[in-house]
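Participant: Just so you know, the sequences run in chain order A and B.
Just so you know, we're using this note's numbering here: the first sequence kicks off at 1 and counts up by one.
Just so you know, we're using this note's numbering here: the second sequence kicks off at 1001 and counts up by one.
Derived by calculation from the structure, the hints in this document are not laboratory data.
Be aware that a few hints might be false.
Unchecked claim - Okay, derived cross-link-like pairs now, EDC-like style, lysine to aspartate or glutamate, Cα gap no bigger than 20 Å in a straight line:
1. A:K12 - B:D1037
2. A:K100 - B:D1207
3. A:K100 - B:D1037
4. A:K12 - B:D1033
5. A:K100 - B:D1033
6. A:K100 - B:D1036
7. A:K12 - B:D1217
All values derive from a computational prediction rather than experimental measurement.
Letter by letter, the chains look like this.
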Amino acid sequence: MTGEKATVSTRKVLLWGLGVCVLIAGVLSAFASSHPDGLEFVAESLGFGASATSHASDGSPLAGYAVRGLGDGPIAGGLAGLIGVAVVALVAFGLMRLLKRSAPAPAPAPAPTSPQRPAAQNTDS
Amino acid sequence: MHVPDGFLDAPTSMATGVVAASVVALSLRRSRDQLDDRVAPLAGLVAVFVFAGQMINFPVGAGTSGHLLGGALAAVLVGPWVATLCLTVVLAVQGLLFADGGLTALGTNVVLMGIVGVWIGWGAFWLARRLLPTRLGSVPVAAAIGGFLSVPCAALTFVLLYAVGGAAPIPLGALATAMTGWHVVIGLGEAAITFVVVASLVRTRPDLVVGARDLLDAQPLEIRHEVTA
């Protein structure tokens, strides 16, 4: 860290990125278009929209991106978005960390080599 | 683009479920040696961003909207195998907690957004990279092209699945035309978001972008440590 051009740390990128996600899901989501999306629109206009059956998670307190009991406003939507961000973050960061740890790592840590190492080649059959 | 329960019949949903599960299993295996100290944390962020981005429906005219799919974006940032995992996490959370995308259609949605979106996006990105000048500035442009193409391709994959196992009999030509038409427009939004996100990461930390790493290895103007003679 002497005269080098300062690069933004990975940690900083992550914090900024998460901040942007919180802003999008928590606040900007209130301004999202409530029109049907491309697939829904096509399904309605071609007449197969009605073949959608009720959703098994319709009873979820977060169904439809609104926290149940808080109405339909930006609070219910924003809070649902924030909860979603937290859950996705937990699952995704957790999964990636687990996978990374389970990787057949090319020994990043200096492996303490025991003098008995060559003897460990007693592979069965 | 989230397919609800009931649009496709049970055998088709089962088949897409099997395909999705196989590709996710393969992605889990292939991701292990991709996840280094830079990709692993970024992959978490990518999943969160795709979730947040998918909440923002933007109007595309005539009472219709579209939202980010994020497959191409994720592929360019963390590579296609890890990208499939990111999208799968997002789709599973959306289906289970938010009733967005059917649970019997989870496999279908993983196929459309997490596999077709990711791999078409990645393939188009690399083709575009080969055609564009070999420099960092080309990366966001190629990513935008990948993002653009991924959306109508995912839409057409839905049409294909519908042709195999659609619940209601409707003219397939009309379905293909309508799906392609709308999703070309939605693809423009996808391209714009993909461009902005990739461009800002390439500017700040190009080494975090998997789709740009080959350019960094070959960069002639890199500042290196002083060599003490």
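Participant: If you check each hint against the structure, which ones fail?
Facilitator: Those not satisfied are hints 4 and 7.
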